[in-house]
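Guided by the hints, dock chain A onto chain F, whose structure is given.
Going down the list, the protein sequences come from chains F and A. Quick note: the first sequence uses the working numbering, first residue 1, plus one each step. Quick note: the second sequence uses the working numbering, first residue 1001, plus one each step.
For the record, the hints were derived by calculation from the structure and aren't laboratory data. Accuracy of the hints is not assured; some may be wrong.
[As the list claims (entries may be wrong)] In silico contact screen, one side only, chain A against chain F (beta carbon under 8 Å); selected entries:
#1 1003
#2 1009
#3 1013
#4 1015
#5 1019
#6 1057
#7 1058
#8 1093
#9 1094
All values reported here derive from a predicted model rather than from experimental measurement. Beta carbons are placed, not taken as given, at the ideal position from N, Cα and C, and that holds for glycine.
Protein chains: 2
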Amino acid sequence: MKKFTNVTADSVANIYFDGKVVSHAVYAEDGSKKTLGVIFPGDFRFDTEAAEIMEISAGSCEIVIDGTDTKKTVSAGEAFNVDANSGFTIAVKEGVCQYICSYIKG
Amino acid sequence: MKKFTNVTADSVANIYFDGKVVSHAVYAEDGSKKTLGVIFPGDFRFDTEAAEIMEISAGSCEIVIDGTDTKKTVSAGEAFNVDANSGFTIAVKEGVCQYICSYIKG
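Here chain F stands alone, though its shape is the one from the complex:
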């Protein structure tokens, strides 16, 4: 399992979609932000402000990134990128999918 050292962790989680998505934010010394998230079964849409790298750390999901119509399965150990000011849909069919979202400063 990946561990992030020398970070500052927010104690209160972000809760989305009535608890179907939960994430805790951590900040590196350079101020860059990552969220460590958990996605329960369902279909969700996220908009991006900054560009994002989404690494799947457990389970799997099906994504469609805005501007494409390609449904792609992404599993633990794999990642996908989303442009700034864009978005993506993400579906978890079963179990729990976990991710590490890195926000890329423009």
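Chain A in isolation, oriented as in the chain F frame:
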């Protein structure tokens, strides 16, 4: 909101009770562990190994600590202690309760 600086964060969350309780672990430089948790509505039981300080950071819950029969409501900003090798029940009636659990080395 409390923030924990200079910690190491585990990227993968602990998931209990079919996702009703989710927590991410962070470790201070001295190795001491805290978990940042989210509890969805339900009734749950936790056993302790090390003694624990449970700070409620959002929402509220009802607890009964082993060896007592006193049901106590604990809300955001309040905390309760549980001895090592003991346990407690915790119930969340509505909304989401969040906690910071500090594990106290013996």
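Checked hints:
| no. | hint | verdict |
| --- | --- | --- |
| 1 | 1003 | holds, 5 Å |
| 2 | 1009 | holds, 5 Å |
| 3 | 1013 | holds, 5 Å |
| 4 | 1015 | holds, 6 Å |
| 5 | 1019 | holds, 5 Å |
| 6 | 1057 | holds, 5 Å |
| 7 | 1058 | holds, 5 Å |
| 8 | 1093 | violated, 15 Å |
| 9 | 1094 | violated, 12 Å |
In summary, the numbered hints that this structure violates are 8, 9.
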